[in-house]
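First residue of the sequence shown? That's 1 in the working numbering, and the numbers climb one at a time after it.
Any given hint could turn out to be false.
[What the hints assert, rightly or not] Between beta-carbon pairs, the in silico distance windows are:
#1 A129 <-> A433: 50 to 60 Å
#2 A129 <-> D289: 34 to 44 Å
#3 P190 <-> H40: 26 to 36 Å
#4 R198 <-> D132: 15 to 25 Å
#5 G108 <-> L212: 43 to 53 Å
#6 G72 <-> G319: 47 to 57 Å
#7 A290 <-> R253: 15 to 25 Å
#8 R255 <-> I395: 38 to 48 Å
#9 G287 <-> R198: 29 to 39 Å
#10 D343 <-> T410: 34 to 44 Å
#11 R106 <-> A295: 16 to 26 Å
To be clear, the hints were calculated from the coordinates, so they are not data collected in a lab.
We treat Cβ as the ideally placed atom computed from N, Cα and C, and that holds for glycine.
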Amino acid sequence: MKSVIDRSREGQRYVRPDAARRVVVSVSMPVLMRRTRGRHRIWVAVAAVVFQLALGSVYSWSVFARALREPGSTFAFDATRATLPFSVAVGMVFVGTWCGGRLQERHGSRVTAMIGAGIYSAGIIACSAARDAADLWVLILCYGVVSGVGLGIGYIVPTALLQRWFPDKRGLITGISVGGFGLGPVLSAPVLAALVHRYETVPTQAFLPMGLLCAAMTLPAAWLFVNPPASASASVVVGRSVRPSFTGREALRSREWYLLATILFASALAGISLVSVLAPAAHAISGYDAGSAAALTAAAGVFNGVGRPLAGAISERAGRMRTFAVLLVVQGLALLALPWAHDPALFAVLVCAVSLANGGGFGTMPATAGDFFGVAHIGAVYGPMLVSWSLAGVIGPLTTAHLASDGYTTAFVTVGVVTLAAVVLTAITRPPAPRTT
């Protein structure tokens with residue numbers, strides 16, 4: 001009888017659709033890695049965290065924004081102009097992740113990561129050329145467009161690469177990777193604050209050493225980004241069968257890809273909307289002073305970073321969609337309660353709950369995409385999905401700022417309701433039918 005086992009173009013053994021579903025024969029990557037490459041993949045994981053820590057400094061823009069608004073500086077921006085470069089950067093992440101996924105497919109992880117790191121660092125360094133308010137366009141172009149694209153290209157690489165090295169723990173390992181990104185501002189904010197204090201009159205001078213520091217962290221880390229052996233498993237297990245991975249184009253044609261992107265949008269919207277107004281909202285609702293609000297912001301960053309590997313690990317046992325349902329419910333209910341949290345301690349608990357669950361969404365989605373579409377082309381699949389992050393980064397802060405003009409109740413309740421509504425999607429989202437060959 002003809003064997004029911006064929007080889008996919010990734011070099012893996014998989015069961016053809018017409019084969020008995022109970023037959024699964026493959027040398028799994030976990031076994032292979034433990035035998036020959038265990039130490040190597042640990043170093044790849046460490047490099048990925050270092051790489052993401054540097055990229056995460058983008059979320060420390062508020063330190064620069066505050067300095068750019070100081071009357072004694074050569075800029076003296078208003079709030080809108082001070083935040084514009086950051087908003088553009090978040091919006092351009094999608095362009096970068098889209099390009100990064102395709103670059104990774106064609107040129108590999110190391111080359112793609114080094115391109116992203118180089119562009120990101122160069123954009124930050126170039127911002128040091130801005131000297132006064134007339135140079136706002138320099139900040140928008142260099143930080144917003146250039147660094148934003150570089151950030152997107154770089155961000156997708158470790159997220160996709162580690163799923164190939166750790167198919168046995170995809171939820172946990174991608175959570176750890178993007179957790180580094182979430183913790184980035186916790187480490188970079190003090191450094192940036194010290195640099196900005198040194199260059200109070202022309203704070204953009206701080207961009208030069210900051211950009212060099214980013215390059216020093218990301219480029220050596222990127223050099224360690226190598227793909228696992230070709231014999232590592234790149235298949236997706238469905239029940240007790242194995243099917244080949246989807247290409248990026250095939251995934252984009254599926255209904256399930258858009259459902260996952262919408263779920264990610266709702267989760268990202270909740271966190272970004274809150275973070276964008278956290279300091280003034282904390283003062284208006286619970287009476288936080290500037291120092292306490294800054295401490296709360298740092299605490300929120302820590303919880304966001306911790307939530308990424310935590311939720312990823314939980315999803316390995318509880319299931320991806322169940323985990324997402326809980327994450328969305330936590331964020332939605334906490335946002336609904338925030339306008340009435342006049343006690344500072346209660347306000348802090350709710351903010352940290354939103355941050356923990358928000359980070360969990362970013363930690364769980366890469367592995368979810370891998371479950372649905374396979375990891376062989378995960379960069380091309382998950383990269384475009386991060387358009388949800390970009391849209392949330394643009395829509396969330398603008399909508400929240402507009403609705404908050406008369407208080408924060410309407411703003412937080414609106415975002416909370418949208419987040420809770422997305423829970424319905426987790427009940428109807430299931431892996432697509434196996435791809436035939």
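Let me make sure I understand: some of the numbered hints might not hold for this structure. Which ones are they, in numerical order?
Failing hints, ascending: 5, 7, 8, 10, 11.
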